[in-house]
Amino acid sequence: MLEAMMQAIPLIATIEVLIIMLVGIPMGLMLGAIPGVGGMIGVGVLLPLTFGMSPVPAMVLLIAIYKGALLGGSFSAILINTPGEAAAAATCFDGYPLSKKGYSKKALQASIFSSAFADLISDIVLIIGSFALALVAIRFGPSQIFWIIVFSLLMTGCLTGPNLWKGLLSIVLGLFLGTIGLDPLLGTPRFGVIPVLGRLEGLELVAVLLGAFALSEILLNVEKTKKGETAKQLEVRRSLGPSLSLSEIRESLKAFFIGTVYGTITGIIPGIGTSAAAFLSYALARQAYGGKSKGVKFGEGAIPGVVAPEAGNNAVSGANLIPLLTLGIPGSAIAALLLGALVLQGITPGPLIFINHGPVVYAIFILMIIANILNLIYGHLLIKPITKLLKGNPSIIFPVVVLISFTGVYSINNRLIDLGVLIAVGILSYFLRKGGVPVAPMVIAFILTKMLERNFRLSLSLSGGEFSIFTASPINQVLIGLCVIGLALVIVQRFKEKKLLG
Amino acid sequence: MRNHIKANLSGFIIGIVGTLFGLYVYFIAIPSTIRMPTREVFFYQRPDILPKLLAVSIIIISIIIFLSTFSPKNIRTDQYIIDKHKFHEVILPVSLLMGSFIAYPIVFPLLGYRITSIIFLACLFLIFGYRNIFLLFTISIAVPIGLALFFARFLRVFLP
Amino acid sequence: MFKRTFLIMMIFVALLMLGLSGCGAPEEAPAPPVSPDTEPPEEAVAPPAEEYPRSPIFLIVPGGAGGGTDVLARVVAANAGEHFQQPLVVRNVPGGEFTIGITEALQSEPDGYTLALTPSDPLVFAPHTVAPEYDLEDIYFFDTVSMGAAALTINPDLGFESVDELLAYARDNPNELRIAQSNLRFEMCIELLRDAGYEFVNVPFPGGAETTAAIAGGHVDISLTSVAAVQGLHDAGMAKILMTTVPDLVNIDGVPTIEDYPEMNEILGAIIDTPLGIIGPKGIPEERLQFIHEALRKTFEEDGFIAMANRLGLPAFHVGADAFEQQTRAEYEIAKRIIEQTR
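Residue numbers (our numbering), protein chains in the order written: chain A, 1 to 502; chain B, 1 to 160; chain C, 1 to 343.
Calculated from the structure, these hints are not laboratory results. There's no promise every hint is true.
Said to hold, decoys possible - Under the rule of at most 30 Å between Cα atoms (straight-line distance), these lysine-lysine pairs were calculated in the DSSO-like manner:
1. A/Lys384 / A/Lys105
2. A/Lys450 / B/Lys52
3. A/Lys388 / A/Lys101
4. B/Lys52 / A/Lys388
5. A/Lys297 / A/Lys105
6. A/Lys294 / A/Lys388
7. A/Lys391 / A/Lys297
8. A/Lys450 / C/Lys336
9. A/Lys496 / A/Lys384
The structure displayed is predicted, hence computed values, not measured ones.
If we strip away everything but chain A, and leave its shape as in the complex, we get (with noise of 0.2 Å):
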């Protein structure tokens, strides 16, 4: 390993890798701010560009690509509650009231703090696990997913609020929103009320929660704009607060903890994906921090509830190369696209990665390291103009960034009925909104159907219609009991906040 390192050490330090990750980088980090525009799209682009150079340069363009949007999308989720990437959506419930609060620069340098640092660790463990660590993980077949899900849709319990059945009929609305679309095992069309609506492999995910967070909000916003404000509101809303305080970022410890393994762990697992890491994260945190610290309450800007998620999902991302290198399995759709690009330079990605293509590897590996401490020092410089930027006027952001919203879902699968599935998911949150529902369980729940209702029916196909297969490995027995855990504590929780409540 150490040789392959120092054979890797010439092929990195080339002017031509320098100036990539230092373009690469700030690249990624507007297209991730830019709602509905992810790494995705631009890694897509640049796949073409990378066809004619050498491997290691190609893929640290990719790679820089998809850093920077993870951290960029958590920008705009913070500052105007509109996540620029799917990823980022569980970063707006403790992010927004706090810059809403005026605080934006303890929020930003939260999640970049904890996005670059648990990219860190990910990728460490990446680089010395890996192998062993993908066969871990393929030992995790359907019926071993569905029980992680079942413990994620518990876990959203916690989420619920202060009424309990409203609660419940958000998470049961997600669910039935994942049902849309074709079956995941027949592939037979469901609800097609427009034709094209039951032909979708479901709805798009960016366009859910943009409408869910997004566009909800500025209609909720509408109000309050009319209104106008006093010279004092605008001054606190617009002002960047002080830094984070060395005890914030101790009482912040136990979460960025909790998202880094919840995120290591589900990056490892192929197709879990990363907004589910994320509001995972999320939920866990809120659990272990029984819903509140320092006195703020999660949900009304705790400084944990934005660092969870975002070494959530920043974690995912350099444990997604785990399968993908080693057994040449991609765990997300990006992923698939950085196999592409691998296989086109003559890297055939397998057990064998390692031998064969040591140096080129292992220089990867050194590179995403030096992205991770890039995406700090570009995401520290660009505090200030982007708070500036997004806190203007609002009667002129929230235009623009509904227009902007629309564009970018649009351009995702160019298709016009993706635009109808945010604004309906919009309207609808609006009114859930409204009635006091919360949409935050709903997206999760929505997020976790398909996969629920799949590993479900293909483990009892694996098994002829036994029901004994969920039961069966000792993997499955673990996780049964974190499941009773989890139950066991968000309903200890909800008695305590019920007792808080009078």
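Knowing the structure of chain A, use the given hints to seat chains B and C on it.
Below, chains B and C without anything else, positioned relative to chain A:
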């Protein structure tokens, strides 16, 4: 009684709308849009199991929400949903905004991206109460054209 | 105050009217694609024939970014720009088992500015399953780009050394071996095997990645995937490829091809390979068709294209327009027969 319903109006409405929606899904949407396989299949292969289960859950939960609005212990979580004094400040702009959202994808295929977006943006500025007419038109023309250029040049996404 | 509200109302009503009148007039032609430099869409309608590629040409890929077809399309586009004298722009329109993108391509203006690169799956299977708004008569076939080879892979713990052993076991123990696959084409193959007396349990995974993970993790016994998806695992001994298809293009050392198993070839030979080809709507003017054919031919001769397609595991393979169309029709009939039988 009337006052009680008024204070819990959101629960009342959600209960009724939710129940109706669940009934619609179970009895109309599922039979008319989900085609069952003609061959004999195992229960876990049926495409309508989860949707039916969810429709029933929606109905049950909605009924509970509806009933709980009559309970004195019910916790209020909603914001005001209807207040007739606020017509000009709330209902009018919100419904105009929703109207423009809905109109956008309908007009889009007819006029193309640029013209639709310019009109749309101008409408939004007016709804949000932006007053400077000159700036309003400059921005609403510049932004869509800039966006179209950006997407075409850098992202290779050509907007119709 | 009132004035402004009135103004908003007026604009809103005007917008709505436009929308409604549009609903009543669906025959209005969609604007052709326009490059950002040329002016608004209206002016670009019907460019003079002699200067045909005036703006970028769209290559619709009916799947999402990152899939095999998508990467192949990007390779084609990167090599074709020079011969088309305009950039080829890949446009992903995923959804509906590839039908949404195909629908868009076939319903576009037949002016030669919109083509599609697609596996034949949405042309031959989807018409029987999800009822899309097109059929084979609407399609102009240009040429195949490549032929996707399939790999029949087993979990090495099973201990079978050849396809014959596997089939013999399956005949004696129906519905015992579980076979993972992730698309309709392979599901058809499983049905064809069932008709021939070899009954496997069909386990439909959502994508190639999950299928590969399932075979590597030992959750299933057999998998049907593209060769590229399992080659790395095979080389390391974590999975065992028993058979590959398309012997002219793909060969792995020590792995027999479908031609070594006449029975298998007879059952599956007609349908197991995935032709990937370029199609367009019918009605493109003759001289433009000639131009596209010529440009594609030159593109396919480029060394860069051939080398990259090889690395992707989708080697260049061109049968010509007629053979492509005939093969698609043949597959269509087979699919029709099986699907009517089973669904």
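- Task: Tell me, in ascending order, the numbers of any earlier hints that this structure violates.
- Result: Hints 4 and 9 are the ones this structure does not satisfy, whereas the remaining hints hold.
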